[in-house]
Amino acid sequence: DAKTTQPNSMESNEEEPVHLPCNHSTISGTDYIHWYRQLPSQGPEYVIHGLTSNVNNRMASLAIAEDRKSSTLILHRATLRDAAVYYCILNGGTASKLTFGTGTRLQVTL
Amino acid sequence: EAGVAQSPRYKIIEKRQSVAFWCNPISGHATLYWYQQILGQGPKLLIQFQNNGVVDDSQLPKDRFSAERLKGVDSTLKIQPAKLEDSAVYLCASSSRYRAGDTQYFGPGTRLTVL
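Those protein sequences? They're chains S and L, same order as listed. Under our numbering, the first residue of the first sequence carries the number 1, and numbering increases by one thereafter. Under our numbering, the first residue of the second sequence carries the number 1, and numbering increases by one thereafter.
Rather than coming from a laboratory, the hints here were simulated on the basis of the structure. No residue lacks a Cβ here, since even glycine has one placed at the ideal position from N, Cα and C. Any given hint could turn out to be false.
Pair by pair, the computed Cβ-Cβ distance ranges are [stated by the list, open to error]:
no.	chain 1	residue 1	chain 2	residue 2	range
1	S	L39	L	K62	43 to 53 Å
2	L	Q41	S	I74	44 to 54 Å
3	L	D74	S	A63	31 to 41 Å
4	S	T109	L	S18	36 to 46 Å
5	S	N13	L	R97	32 to 42 Å
6	S	S28	L	G28	25 to 35 Å
7	L	G40	S	H76	28 to 38 Å
8	S	P40	L	K44	12 to 22 Å
9	L	Q41	S	N13	20 to 30 Å
10	S	N13	L	S18	41 to 51 Å
Chain S with its partners taken away, still in its complex shape:
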């Protein structure tokens, strides 16, 4: 699986937008970009995924660079409940397994 690079931690103020970056310079043409998050003492939770085009859902937006070597998860208005570890993961081909890194720990403050 291609490797991703994320900052170890980020901070945000409540009700402000948050942009979580992910670099994946060795991504292949068939790799999907997935984002999961893990709240304290819970299992990971799906956030969003995409292949080439930007994606929006009720939780977040995913902006994918034109060369696909990086992507950004956008939380439009962070709340205290968004404090979690966010994982950017690639998988492709016929493999559905997820290879987690250490992710970005997002802190949200009042």
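We have chain S; now place chain L onto it with these hints.
Showing chain L alone in chain S's frame:
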């Protein structure tokens, strides 16, 4: 729709003892995964089932860990005998199919402490 169920939620055992974890995936999901998450790390895939067949068990320590998914529904993960380094959260996940773009749904996990 009910989520992925796991039991027990917590387990404390002494080293060299045996332990088993149970997982009930989302109804109709063909693919089931077991992950191990050590404190401070991301989850690591141990084994993946497609229906009741093993697709990937390359990171399963087969000398002490075993897993089965009888009838392609529930699954059990066993550790025998346990070591101190097995202390971790064991997560079960399921997905409807076996393709790269599929979403995985995770259970709450079982926290294992080996003393």
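Each hint tested on the structure:
1. S/L39 to L/K62: 43 to 53 Å: 32 Å, violated
2. L/Q41 to S/I74: 44 to 54 Å: 26 Å, violated
3. L/D74 to S/A63: 31 to 41 Å: 40 Å, holds
4. S/T109 to L/S18: 36 to 46 Å: 45 Å, holds
5. S/N13 to L/R97: 32 to 42 Å: 40 Å, holds
6. S/S28 to L/G28: 25 to 35 Å: 30 Å, holds
7. L/G40 to S/H76: 28 to 38 Å: Since L/G40 and S/H76 have Cβ atoms about 29 Å apart, the given range 28 to 38 Å holds.
8. S/P40 to L/K44: 12 to 22 Å: 19 Å, holds
9. L/Q41 to S/N13: 20 to 30 Å: Because 29 Å falls inside the window, the suggested range holds.
10. S/N13 to L/S18: 41 to 51 Å: 49 Å, holds
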